[in-house]
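**Student:** Each chain is listed here by its residues.
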Amino acid sequence: MSRIPLDPRTAPPFQAAAKALLGDAQLRKNVRHATDVIQNKRRKLVEEKQDWQLLRESARQIRAHALQHLDVYLDEFERNFTRAGGTVHWARDAAEAQRIVVGLVKESGSSEVIKIKSMTTEEVQLNNALEAAGIHAYETDLAELIIQLGEDQPSHIVVPALHKNRAQIREIFRRTMNLPDLGDKPADLADAARRFLREKFLRVKTAVSGANFLIAETGGICIVESEGNGRMCLTLPDTLISVVGIEKVIPRWQDLEPLIQLLPRSATGERMNPYNSLWSGVHPGDGPRAMHVVLLDNGRTNVLADSEGRETLQCIRCAACQNACPVYRQTGGHAYGSVYAGPIGAILTPQLMHMEHSQTLPYASSLCGACYEVCPVKINIPEVLIHLRNKVVEQNGWYTPESLAMKAVAAAFRSERRFRAAQRLGRIAESPLVKSEKQKFSIVGQKQTGNTGWIGWLPGLLGGWTDTRDLQAMPEETFRDWWEKRGKA
Amino acid sequence: MTTTREEILKRIRSAKGASSPEQAASAYAGIERGYQSSASLARKEILHLFEDRLHDYDANVYHAGASGVGEVVAGILSGRGVHRVLVPDGLPSEWQQGAEFVVDRGFSSAELDGFASVMTTATLGIAETGTIVLQTAPGQGRRAVTLVPDYHLCILPAGRVVETVVEAMRLLESTKNIPTTFFSGPSATADIEMTRIKGVHGPRFVDIVLVGEE
Ligand code: SF4
Chain Z
1 MSRIPLDPRT APPFQAAAKA LLGDAQLRKN VRHATDVIQN KRRKLVEEKQ DWQLLRESAR
61 QIRAHALQHL DVYLDEFERN FTRAGGTVHW ARDAAEAQRI VVGLVKESGS SEVIKIKSMT
121 TEEVQLNNAL EAAGIHAYET DLAELIIQLG EDQPSHIVVP ALHKNRAQIR EIFRRTMNLP
181 DLGDKPADLA DAARRFLREK FLRVKTAVSG ANFLIAETGG ICIVESEGNG RMCLTLPDTL
241 ISVVGIEKVI PRWQDLEPLI QLLPRSATGE RMNPYNSLWS GVHPGDGPRA MHVVLLDNGR
301 TNVLADSEGR ETLQCIRCAA CQNACPVYRQ TGGHAYGSVY AGPIGAILTP QLMHMEHSQT
361 LPYASSLCGA CYEVCPVKIN IPEVLIHLRN KVVEQNGWYT PESLAMKAVA AAFRSERRFR
421 AAQRLGRIAE SPLVKSEKQK FSIVGQKQTG NTGWIGWLPG LLGGWTDTRD LQAMPEETFR
481 DWWEKRGKA
Chain B
1001 MTTTREEILK RIRSAKGASS PEQAASAYAG IERGYQSSAS LARKEILHLF EDRLHDYDAN
1061 VYHAGASGVG EVVAGILSGR GVHRVLVPDG LPSEWQQGAE FVVDRGFSSA ELDGFASVMT
1121 TATLGIAETG TIVLQTAPGQ GRRAVTLVPD YHLCILPAGR VVETVVEAMR LLESTKNIPT
1181 TFFSGPSATA DIEMTRIKGV HGPRFVDIVL VGEE
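The listed protein sequences derive, respectively, from chains Z and B.
Residue 1 is where the first sequence starts when you use my numbering, and the numbers rise one by one after that.
Residue 1001 is where the second sequence starts when you use my numbering, and the numbers rise one by one after that.
Heads up, some of the hints might be wrong.
Unchecked claim - For lysine-lysine, the following DSSO-like pairs were computed, each having C-alpha atoms within a straight-line distance of at most 27 Å:
no.: 1; chain 1: Z; residue 1: K185; chain 2: Z; residue 2: K41
no.: 2; chain 1: B; residue 1: K1010; chain 2: Z; residue 2: K49
no.: 3; chain 1: Z; residue 1: K391; chain 2: Z; residue 2: K19
no.: 4; chain 1: Z; residue 1: K391; chain 2: B; residue 2: K1176
no.: 5; chain 1: B; residue 1: K1016; chain 2: Z; residue 2: K49
no.: 6; chain 1: B; residue 1: K1044; chain 2: Z; residue 2: K391
no.: 7; chain 1: B; residue 1: K1016; chain 2: Z; residue 2: K378
no.: 8; chain 1: Z; residue 1: K200; chain 2: Z; residue 2: K185
no.: 9; chain 1: B; residue 1: K1044; chain 2: Z; residue 2: K49
no.: 10; chain 1: B; residue 1: K1176; chain 2: Z; residue 2: K200
no.: 11; chain 1: Z; residue 1: K41; chain 2: B; residue 2: K1176
no.: 12; chain 1: Z; residue 1: K29; chain 2: Z; residue 2: K19
no.: 13; chain 1: B; residue 1: K1198; chain 2: Z; residue 2: K29
no.: 14; chain 1: Z; residue 1: K44; chain 2: Z; residue 2: K378
no.: 15; chain 1: Z; residue 1: K29; chain 2: Z; residue 2: K185
no.: 16; chain 1: Z; residue 1: K200; chain 2: Z; residue 2: K106
no.: 17; chain 1: Z; residue 1: K185; chain 2: B; residue 2: K1010
no.: 18; chain 1: B; residue 1: K1044; chain 2: Z; residue 2: K44
no.: 19; chain 1: B; residue 1: K1198; chain 2: Z; residue 2: K44
If you are wondering where the hints come from, they were derived from the structure by calculation, not from laboratory data.
Since the model is a prediction, treat every value here as computed from it, not as a measurement.
Please model the complete structure; the sequences and the hints are all you need to start from.
**Tutor:** Here it is in structure tokens:
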């Protein structure tokens, strides 16, 4: 049941993939519906918190601080987790992480594992590596199960199967669980998943997870979820293996104060996740007897080294930026060619790839700023996008479209004649899009004084920009023209 | 030969400069924490809010005086038709009325699956989010007992309800190494068309008894 994973090294350019996906009306409808629902819930629950901005600022500082002292806190986490009976492993890259986990599963004596949804294990394509070693992985998160059984790919960080509707899910379950009479009510589908997985929870002795936070002070792990599948995986088996990015560490227990308030409200519009699990190491008589944490670099130290891109690592994977992004809402997640889609994917993926792959992703944005506004840890995504575009241009030389455009602008600014010509051209190009003042204020019916209109809509992907704001049209008479005329008068 | 660990730590240090525990500690002290940390409501309002939020998440709330818990429990269990209940060690015996109560003796997962109901107490309640905090402690048991059965009856002294998440985290500070589970209502999913469905894998039904002082 192995599937072709999303892989930035082989994915087509964003624009090409997006173009193909824009033709899938069902997918776009499903994505829009899901992101609308989450955004509405989120907005209400964020408004309810009077100290929201203070929580954001505190969380930003905590995450930035943890990155600034990452070596100290990873060392502290390792010491405390080890003292509590766990084992810490380090992995430079995906291949090393795969090797470690496969080895640990074999050591546990299991040929099957149950898995909690984890983007990190998707990132290192763990399931395929397990499969190749003769180990079968069962995804236990409902959405991940839908994707696994449907041999599909995740399209959202928090709700990976949001591109599927109930009819499509029913088809997948009917076929793979052998349930010809399955209904299509969400409750029927959830019930089928419950029955399908219960037997696995009770039988399989080894579990694999990611983690939301590692707490240096206690050697603790925090995993938040809603279905209870997480609790099943980390409580019932004998062995638990958690694959965690090195950036997930936070200094102290106290730091959870803002983080566990920001995360659920931003992610799913809940006041609190249905389940938060917190523990450190092995506890005799309660939970697994063997616990492993695999600390994963896989390009993260490369991101850390770039002082302007570093804030990307503050991310707590809430996906609020994804839900708010007009580009993501049109294309869904698969166009990003990576398990990290949306604005966070657009900045994280190319950096994790050392800027050698996914170079079109920094352009998969309208720079409207919606992502920055919702980000609970205040990552300035638009700024990082521009920084990365610069890097791409620097790397690729003068012949790329962006680079050519920039060169044209620079040339126009250097010569007055060319600058004026460009202004004239711009006015002609935009004219079909401009709403006149008369159209805008037709009731008042005031006198039209030339072309002082607004552009309320831009074509194609640029549309996201004008969804939230109008663009002022270019004036009919430029300041320069006016100044010259005035001099002659 | 350098180990992977050393190599990654080296990469980190060359990426942003090395740091020492002392430097980290002094910078840590400067982190701003301007968010709300203490209660803003009166005691009675906090309990109301808690109850409202629990209802929001489909949990039922009952009330009992300190000496009347057993009676209330018996009423709830008979209303639900429950005859046999799993309980952790250390749960007050006077609460155990109206059914057969079986103490957890480290049952296997399969044995736990044979129980449809569990009754425990809890460490804390958080009003603003409708959350209940369970820890591996007498009367609350290990994590598996409150996970596998489909129905959870939780008895919580009203004095243990706080208003904010921050207050709760500060109270939990002294026991931060113990396995701790926060639950807010029954297990739920919204993975299918964002429709909230109660109970995928954890308990699908949750009742709370708030015990007031007399
Ligand atoms: S970048 Fe911010 S909004 Fe986007 S997933 Fe990360 S934390 Fe959430």
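**Student:** Against each hint, give a clear statement of whether it holds in the structure.
**Tutor:** Right, here's what the structure says about each hint:
At roughly 22 Å between alpha-carbon atoms, K185 (chain Z) and K41 (chain Z) fall within 27 Å of each other, so this suggested pair holds. Under the criterion of a C-alpha separation no larger than 27 Å, the hint pairing K1010 (chain B) with K49 (chain Z) is inconsistent with the structure, at around 41 Å. Among the hinted pairs, K391 (chain Z) with K19 (chain Z) is consistent with the structure: their alpha-carbon atoms are about 25 Å apart, no more than 27 Å. As the CA atoms of K391 (chain Z) and K1176 (chain B) are separated by approximately 44 Å, the hinted pair breaks the 27 Å bound.
Restraint check for K1016 (chain B) and K49 (chain Z): the C-alpha separation of about 35 Å exceeds 27 Å, so the hint is violated. Between K1044 (chain B) and K391 (chain Z) the CA atoms are separated by roughly 58 Å; this puts the pair beyond 27 Å, and the hint is violated. Note on K1016 (chain B) and K378 (chain Z): the hinted pairing holds, with a Cα-Cα distance of about 20 Å set against a maximum of 27 Å. In summary, the hint linking K200 (chain Z) to K185 (chain Z) is supported, as the alpha carbons are separated by about 24 Å, within the 27 Å threshold.
Restraint check for K1044 (chain B) and K49 (chain Z): satisfied, since their Cα atoms lie roughly 21 Å apart, inside the 27 Å limit. For a cut-off of 27 Å, the pair hint linking K1176 (chain B) to K200 (chain Z) is broken: about 31 Å separates their Cα positions. In summary, the hint linking K41 (chain Z) to K1176 (chain B) is not supported, as the alpha carbons are separated by about 31 Å, beyond the 27 Å threshold. Restraint check for K29 (chain Z) and K19 (chain Z): the C-alpha separation of about 16 Å stays at or below 27 Å, so the hint holds.
About 25 Å separates the Cα atoms of K1198 (chain B) and K29 (chain Z), which keeps this hinted pair within 27 Å; it holds. Of the supplied pair hints, the one linking K44 (chain Z) and K378 (chain Z) holds, its CA atoms being roughly 19 Å apart against a limit of 27 Å. For the hint linking K29 (chain Z) to K185 (chain Z), the alpha-carbon distance of about 19 Å falls within 27 Å, and the restraint holds. Our distance criterion of 27 Å between C-alpha atoms is met by K200 (chain Z) and K106 (chain Z), whose separation comes to about 18 Å.
For a cut-off of 27 Å, the pair hint linking K185 (chain Z) to K1010 (chain B) is broken: about 53 Å separates their Cα positions. With a C-alpha separation of about 25 Å, the suggested pairing of K1044 (chain B) with K44 (chain Z) holds against the 27 Å cut-off. The hinted pair formed by K1198 (chain B) and K44 (chain Z) meets the criterion: a straight-line CA distance of about 21 Å does not exceed 27 Å.
Hint violations for this structure: numbers 2, 4, 5, 6, 10, 11 and 17, all remaining hints satisfied.
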